[in-house]
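Listed in order, the protein sequences are those of chains E and Y.
The first sequence runs 1 to 91 under our numbering.
The second sequence runs 1 to 590 under our numbering.
Short, incomplete list of chain Y residues facing chain E, as computed with Cβ under 7 Å:
{"no.": "1", "residue": "P85"}
{"no.": "2", "residue": "I88"}
{"no.": "3", "residue": "L316"}
{"no.": "4", "residue": "I317"}
{"no.": "5", "residue": "K364"}
{"no.": "6", "residue": "V537"}
{"no.": "7", "residue": "N540"}
{"no.": "8", "residue": "A541"}
Dumping the calculated DSS-like pairs for lysine-lysine here, alpha-carbon to alpha-carbon at most 27 Å:
{"no.": "9", "chain 1": "Y", "residue 1": "K513", "chain 2": "Y", "residue 2": "K583"}
{"no.": "10", "chain 1": "Y", "residue 1": "K448", "chain 2": "Y", "residue 2": "K513"}
{"no.": "11", "chain 1": "E", "residue 1": "K69", "chain 2": "Y", "residue 2": "K100"}
{"no.": "12", "chain 1": "Y", "residue 1": "K581", "chain 2": "Y", "residue 2": "K102"}
{"no.": "13", "chain 1": "Y", "residue 1": "K154", "chain 2": "Y", "residue 2": "K196"}
{"no.": "14", "chain 1": "Y", "residue 1": "K102", "chain 2": "E", "residue 2": "K69"}
{"no.": "15", "chain 1": "Y", "residue 1": "K100", "chain 2": "E", "residue 2": "K72"}
{"no.": "16", "chain 1": "Y", "residue 1": "K100", "chain 2": "Y", "residue 2": "K448"}
{"no.": "17", "chain 1": "Y", "residue 1": "K205", "chain 2": "Y", "residue 2": "K154"}
{"no.": "18", "chain 1": "Y", "residue 1": "K102", "chain 2": "Y", "residue 2": "K513"}
{"no.": "19", "chain 1": "Y", "residue 1": "K451", "chain 2": "Y", "residue 2": "K100"}
{"no.": "20", "chain 1": "E", "residue 1": "K72", "chain 2": "Y", "residue 2": "K102"}
Simulated from the structure, these hints should not be mistaken for lab results.
For each residue, glycine too, the CB sits at the ideal point set by N, CA and C.
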Amino acid sequence: MNNILLTSTALADTIANIFRGVGDLMRGWVMAIPMGVAKGIFIAYFFLLIYWIINLPEDEVSVALDNGKIIKLRPYALFSLTSIIIIYLIF
Amino acid sequence: MALGRIDYSIIIIYLIGTVLFGMYIGRKMKSGDDYFLAGRSLPWWAIGMSLVVTDIGAVDMVGIAGAAYLYGIVLGNYDWLGSVPVMIVGAFLFIPMFWKSKVSTIPEWLGARYNQSVRTISAVIWGVVTAFGLGVTLYATALMFNLLLDLNPKILIVTESQYVRDQVVEATSAGKTHDFLNLFDYDQIQQVIDDKDPNLVLIHKGFDKNLLSNSEIIFFDENEISPEWGESMMNLARPPTWTLMYSIIIMSILIGTYTLFGGLKAVVYTDVLQCIVMLGGSLFVLFFGIYRLGGISEFVSIIRSLGPRAQDHFELILSVDTATPHPWSGIFLGLGLVLANAYWFGNQNMVQRTLGARSEADAKASYVFGSFLKILIPFAMVIPGIIALAHDPNITDADKAMAILVKDILPTGALGLFFAAFLAGLMSSVDSALNSGATIWTKDVYQKFVKPDASPGQLLIVGRWITAAMLAIAIFFAQFATRFESIYDLSQTILSLFQGPSLAIIAVGMLWKRATGTAALISLVSGVIFAGMLMWVNNNASIPLFQVSEPFLYVAWWSFVLSIVILIVVSLNTSPEPESKLKGLVYRYE
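Based on the sequences and whatever the hints tell you, model everything.
Here it is as structure tokens:
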């Protein structure tokens, strides 16, 4: 049993060492990003989605229900995303 | 505050009422389509509320509030980043595509887009993951059931040292199965014993033994504490009259009854009821909890006064080297770009409701409405977890934080109503997993391999049998869930193995018509193996591969990246799928 455990640890260590070099390099890059910029990445992502929503064709964001009533979903989607941006700016 | 007779009456009436309501809703069930997709009759508002309440089921109520108790508002990312933007994308891109293809399951869509091998592998993996995940959810539900109704056996630890108390909790390994009563004042021992009737009383040195004479009382010295000592102490404890397994079985019977009879329609409409009461109740706890602490500024200053353990409790974005499992890089890449997308449009549990929508418009609107409600969830679940920390910083098991807070601050009557809603909310995640798992096993396995010409009536019967079987499997798995520290982390770890590769083949398949079936198959299998390998290496290497304690976010991200690369490379080297096959299955390709 001990031999199996030792072998599995050795195998895991070998594989881990292969990834660790690349992982440490990438971790170094990410660590170098200031927290303010990190927050900016989150907010930029939300703005990107807002841009996408604004540019969607009207027929994809307006829907007709069974009773014939048309609902425009774009304003609701934009409201949700804007609220999230405000929350990320606060916290 | 203990539950009074009126509280218990409300809870019992609510639970029985939910079961009867679910059975009433499903009384006209005639076919498999009625059972699995509610006869494609669901309106957007019901689906939207059902999506939200399913997502804030047992795992969130127990796990998110517990994790927020430990790590703070960073858990809000799971809704604000992990739900709201993703649901918007889903509403306009993925959900209408699924709905228009008229499939019953995501594996069925994968079969139509790629080939039957992808469908089968995907179905089997999802079926197994759902059954196991159901066990975890059921365990979490029973845990809350025990805690709310005060059914757990109790261990009283009397010591003046917090360090000694923590060591005892760890040594006995009973944090999940027992409630620990902590007493720092020796003068109150007899009163607590008389009031709470603990199964075991452990008294630290320094107390005059002659003052008490009870055979269940054990005096100890901190030098004795070890896992072996903890085990021997647990053997001396009076056997519990009620165990977690009893609660698991009771919850299974309640949930199984209305899910078995009412199918998806019962699941969705009971969810609507639960959503209203749960959101109302949770927001009440938020405001009442802050009021009891003395207002927002007092709340914030209490948390700040807790020192290093709570210094980041109001930070949504934590540094890469944080000691928590939630570094911003993992949150953004693993959660925001992979797990959240995989969950909201790659998870049968969630997507199935929209497949049962009465129109494409309802399917789209349900996700937008859901995203709207999701903005509120961290206020209802995460911040109460932080309030629980301000209320009592000494809770030994963080997963119990929300229940303890609610029990301590709400008055009789309101307590019963809130607990009933709380339990009903917990039930919603179990019923959804049960129904979606049964749909996959019935449509993608039974109908495909066993009886392709099964009639709608036969599918209904088989679906119900499979629902019962899944519940039995879940009960079996539920007992193993106690071994993991945090329920939420466990469920995310399981999902992260499969979600990344699964999302890769769904997203690329829907957005890129050149993606081929052979490439999807290779991509899916290698992605899952790679994710499993990363997890195995991380757990077995001398130095863990990842520097966060629960690396599920990174595992999901890297398995997603690898699957995408393999999918693209292999697709470009295999023959394209026939164009006629792709119409209606690829975005803007009609």
